[in-house]
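The opening residue of the sequence shown carries number 404 in the working numbering; numbering runs sequentially from there.
A couple of the hints might just be wrong.
Quick list of in silico lysine to any residue cross-link-like pairs, SDA-like style, CA-CA up to 25 Å [as the list claims (entries may be wrong)]:
no.: 1; residue 1: Lys-620; residue 2: Ser-469
no.: 2; residue 1: Lys-558; residue 2: Gly-521
no.: 3; residue 1: Lys-590; residue 2: Tyr-483
Distance windows between CB atoms, simulated [said to hold, decoys possible]:
no.: 4; residue 1: Ile-574; residue 2: Ser-477; range: 34 to 40 Å
no.: 5; residue 1: Thr-564; residue 2: Tyr-486; range: 19 to 25 Å
no.: 6; residue 1: Arg-588; residue 2: Val-499; range: 16 to 22 Å
no.: 7; residue 1: Ser-477; residue 2: Ser-577; range: 34 to 40 Å
no.: 8; residue 1: Asn-455; residue 2: Thr-571; range: 22 to 28 Å
no.: 9; residue 1: Phe-451; residue 2: Thr-614; range: 17 to 23 Å
no.: 10; residue 1: Arg-629; residue 2: Val-461; range: 34 to 40 Å
Treat the hints as calculated values from the structure; they're not laboratory data.
Note that beta-carbon positions come from the ideal geometry of N, C-alpha and C, so glycine has one too.
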Amino acid sequence: MSTGVVHAEQLNEQEQISPYSANVTFASQYISRGFQQTWGKPALQIGFDYANPNGLFVGTWASNVSSNYLRDASVEWDFYAGYLKTIDKFSIGMSVFYYYYPGAKSTAETGSTSYNYGEIVPQIGYGPLSLKYFITYTPDYAGYNSNTMGGPEGKRSRGTTYLDLNFTQPINESWTFGAHYGYERIKNFSEANFQDMKVELIKDLGDGWTTGLAYTKAWDKDGYYRNYSNG
Numbered sequence: 404m405s406t407g408v409v410h411a412e413q414l415n416e417q418e419q420i421s422p423y424s425a426n427v428t429f430a431s432q433y434i435s436r437g438f439q440q441t442w443g444k445p446a447l448q449i450g451f452d453y454a455n456p457n458g459l460f461v462g463t464w465a466s467n468v469s470s471n472y473l474r475d476a477s478v479e480w481d482f483y484a485g486y487l488k489t490i491d492k493f494s495i496g497m498s499v500f501y502y503y504y505p506g507a508k509s510t511a512e513t514g515s516t517s518y519n520y521g522e523i524v525p526q527i528g529y530g531p532l533s534l535k536y537f538i539t540y541t542p543d544y545a546g547y548n549s550n551t552m553g554g555p556e557g558k559r560s561r562g563t564t565y566l567d568l569n570f571t572q573p574i575n576e577s578w579t580f581g582a583h584y585g586y587e588r589i590k591n592f593s594e595a596n597f598q599d600m601k602v603e604l605i606k607d608l609g610d611g612w613t614t615g616l617a618y619t620k621a622w623d624k625d626g627y628y629r630n631y632s633n634g
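Whenever a hint applies, use it, and build me the whole structure from the sequences.
Structure representation (structure tokens):
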């Protein structure tokens, strides 16, 4: 099954001369790691960033999400900081992310578990290829623990990892092709492991605006996430 995602982004006009930038995205839906964060409905996303010429950066980003994805969730609010060094075609970096879902928790019967979590992300890149490795540093990844997943009491999901492999290649001056593969390994809950993929075309409209179309899919061996993905 396929899905289309169309978005437009406008960057701060001073991006080339100022370390500060802002972005706004209008999407037909918000999909992350193959999952329908807005459950097939439109998304409005806003971000603000500071990037030092030496490679240091810090920023925040927010999007509406659906309570069908996470119980009582309406907003995802991310905070991040890191360092990225680029030398010719080679890049290397490290960043820290924290994902905040105000008011979102599991049911009382499952411990009223918070879905907030954080990840450390080392990354490398060469030419059109980039590889990121997300590692959960908080006690739980997105609320995965023995209260919400069952099994022996006291199990948490710190140490969950996500492999994020991307290929991005300009086709011409205005079109760019992108492809992505991801693999999530849930610590202590391997039955919940999943994979995802995406292919997309991005069109540069000029003046900082872009639009794009994407196909995404997520899957796992037992179909646990069947209703969460378009694929």
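Going down the list of hints, with the structure as the test:
The hinted pair formed by Lys-620 and Ser-469 meets the criterion: a straight-line CA distance of about 18 Å does not exceed 25 Å. The suggested pairing of Lys-558 with Gly-521 holds, with an alpha-carbon distance near 18 Å, which does not exceed 25 Å. A C-alpha spacing of about 23 Å is found between Lys-590 and Tyr-483, which places the hinted pair at or below 25 Å, so the restraint holds. The hint said 34 to 40 Å for the Cβ distance between Ile-574 and Ser-477, and at roughly 37 Å that hint holds.
One distance hint, 19 to 25 Å for the beta-carbon pair Thr-564 and Tyr-486, holds here, with the actual separation near 21 Å. For the pair Arg-588 and Val-499, the beta carbons lie near 20 Å from each other, so the given range of 16 to 22 Å is met. A hinted range of 34 to 40 Å holds for the C-beta pair Ser-477 and Ser-577, which are about 36 Å apart. Remark: the range hint 22 to 28 Å for Asn-455 to Thr-571 is upheld by a beta-carbon distance near 23 Å.
The hinted window of 17 to 23 Å between Phe-451 and Thr-614 holds, with their beta carbons roughly 22 Å apart. For the pair Arg-629 and Val-461, the supplied restraint of 34 to 40 Å holds, since their beta-carbon distance comes to about 37 Å.
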